[in-house]
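Starting from the structure of chain A, add chain B where the hints point.
Chains A and B are the protein sequences, given in the same order. 1 is the number of the first residue of the first sequence in my numbering; add one for each residue after it. 1 is the number of the first residue of the second sequence in my numbering; add one for each residue after it.
Check the hints yourself; a few may be wrong.
[Stated by the list, open to error] List of simulated lysine-lysine pairs, BS3-like, C-alpha gap at most 25 Å:
| # | chain 1 | residue 1 | chain 2 | residue 2 |
| --- | --- | --- | --- | --- |
| 1 | A | K329 | B | K226 |
| 2 | A | K315 | B | K160 |
| 3 | B | K227 | A | K315 |
| 4 | B | K276 | A | K67 |
| 5 | B | K227 | A | K329 |
| 6 | A | K315 | B | K226 |
| 7 | A | K67 | B | K252 |
To be clear, the hints were calculated from the coordinates, so they are not data collected in a lab. Computed from a predicted structure; not experimentally measured.
Okay, here's what each chain looks like letter by letter:
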Amino acid sequence: MIRCLVAAIGLSIAATSVLAAAPIEIGIGYLGRAGIKAKLSLVELPAENDGLAGARLAIEDNNTTGKFLNQRFTLEEVRLKDDEDVAKTAAALAERTGFIIADLPADDLLKAANAIRERGTLLLNAGAIDDRLREQDCRGNVIHVAPTRSMLADALAQYLVWKQWKRWLLVIGSHDQDKLYADALRRAATRFGAKIVQERTFEDTGGARRTDSGVTLIQRQIPVFTQQAPAYDVLVAADESEVFASYLPYRTWDPRPVAGSAGLVPTSWHAAQDQWGAIQIQNRFAKLNSRQMTALDMQAWTAARMVGEAASRTKSGDPKVVSDFLRGKDFSVAAFKGRRLTLRDWNLQLRQPILLVDGRMVVSVSPQEGFLHQVSELDTLGVDRPETKCKLN
Amino acid sequence: MQAELKEDELHIWRHCLLFGMAAWLAAATPASAFIAYVSNEKSNTVSVIDTNSWTVTKTIKVGQRPRGIEFTRDGKFVFVAVGDDDSIQVIDVAKQEVVDSLPSGPDPELFALDADGKILYVANENDNTVTIIDVEKRARLGEIQVGVEPEGMAISPDGKILINTSETTNMAHFIDTTTREIVANVLVDARPRFAEFKRDNSEVWVSSEIGGTVSVIDPAKREVTKKISFEIPGLRSEAIQPVGIGMTKDGKTAFVALGPANRVAVVDAVSHKVTKYLLVGQRVWHLAFTPDEKYLLTTNGVSNDVSVIDVAAQKVIKTIQVGELPWGMTIAQP
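Next up, chain A with everything else stripped away, as it sits in the complex (with noise of 0.2 Å):
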């Protein structure tokens, strides 16, 4: 009898609670730099909205998830032109939301995450591969949801080495962030045991990635400059500038796959990947933006994601609340990965598989079988504890 009774008074209050009060408000704002990348390739050219069209996916997510726990999700987009100061602008939107998902160069990160440091708004950086962001520049308000260079490189050089496909043929862009990506290569190689057989830099001398007969200088440009290299597997190649890499497959002078920047390439993410339930998000995504995801939309649909499921297990919007979960011990998001992706408290990076992709299909998924590791598998992806720069404030 008491029994029935306490149970009737439980669920009376819960229908109660339910029905009584207003939805908890929980405000995630967007800011990234206006402006298409360049890409080499047409196909490849990112919309408008790359990123941004991920975060209003999982609002919709969140929300569908919020009406039964009486949450609701808002997005703020905010677009910052050349000129824009983007510490002036994070702080004007951290007066209004908890969180920001951010994609944004490595410096302007740094300016957003300092500006925003004493208001207790968590960023989340959805765009910037920059290892140095979760080493020697890390900081305790900026959750990385993007992976880093290392990881991606690391992800590539254990499937090249499983492959056995040891010796490679480094060819390095000429900008800074080409220079990145192959110190990150050449780390890889070192860990995994490959080899790399000798570097060539390929120079940007300027000059348009459109033109009307350029096929026909591409075929006699990259024969010749790939000639005479030592014997080698594979042609790793560091191209973030997007400047040559694609012009690489079906070229070389001998015949060799490309991979890096072109051919087998790293990513978070790409429209082919169709495992683990995959297929349900990619259809969400095509029927709201009407066209395919991408890594940088799906790593803007994590963040926003996680920001969901921490407010859904700490049933609460305070950005404090909110912002310990995701750093404490319980936290993990399903992603469509095949496994939880958890962050790593050293530096506030989220694990993740990576993987690897040849323009149209996923042709594996790394870690690789056989690369252990003592805590997580996916730890032998990138930046290691024992390694770390990082000391979090």
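Just chain B now, kept in the frame of chain A:
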């Protein structure tokens, strides 16, 4: 008052059941043959297994991406959800071929039949809905809006509550089958895949594939009372991904398929302690008992086979090759 009465009834019922089972076991007739229907997600086929000879006797062509599969109550038909064709196909067991299809809503994955076998509840993964279908009239009776990516479906033993799990929302939704409205939402760990009631309605278990746990929910209080986790020496916890759950009728023993851990956990369903891990094929997904509960069959996606577990001995006794990526399974008297 009522609750206490119910417990007494159950107590008596349990005794009867035990006595009955003992008598039946004593009779120890040789195992009668059953037939198992296995959906092969990649092959677009259904394998038919004879449990006497443990061989595949027939492979039936079905639609695109067959997953959820279940016998009708009279055992004459098998329903199989063919997600990429947006329908549920009907296999005639006598003819061993597809004879009909039911409307299902988009991308059906798993479904549940009510006790009479007249109403079908379908999880539509792409649409965040559960569709209700009248089997005889082949008519859609309604829809229920649930969380993101609905998957697991289970009906309470009294037929009053339908459980649906939503994979990205991470909830078990309790749906009143009369009003067809959600009456409670219970948060569980990430990517809930499957729900299973104890026959006495005392517990419902929900597996969380990515969370790596099974949540035990009290259906009366509608809250998680216990979480079962799994530890296998030499395996990283991320590889342990619970999906299918098989519960013996007496509610004493449960089996949980652990996906890429390639093992089925044996769980004492009273103490909720894991007692044993059985090595089966690769990426073990769903489970089904033979009606006499002598055997438990598992679908092993990556190794393309079915493992046969001797329930009493808690041992794997056989492996049967089926089609590519075996997913679901249903077993009945031929």
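Now for the hints, and whether the structure bears them out:
no., hint, verdict
1, A:K329 with B:K226, "19 Å, holds"
2, A:K315 with B:K160, "29 Å, violated"
3, B:K227 with A:K315, "19 Å, holds"
4, B:K276 with A:K67, "40 Å, violated"
5, B:K227 with A:K329, "17 Å, holds"
6, A:K315 with B:K226, "20 Å, holds"
7, A:K67 with B:K252, "37 Å, violated"
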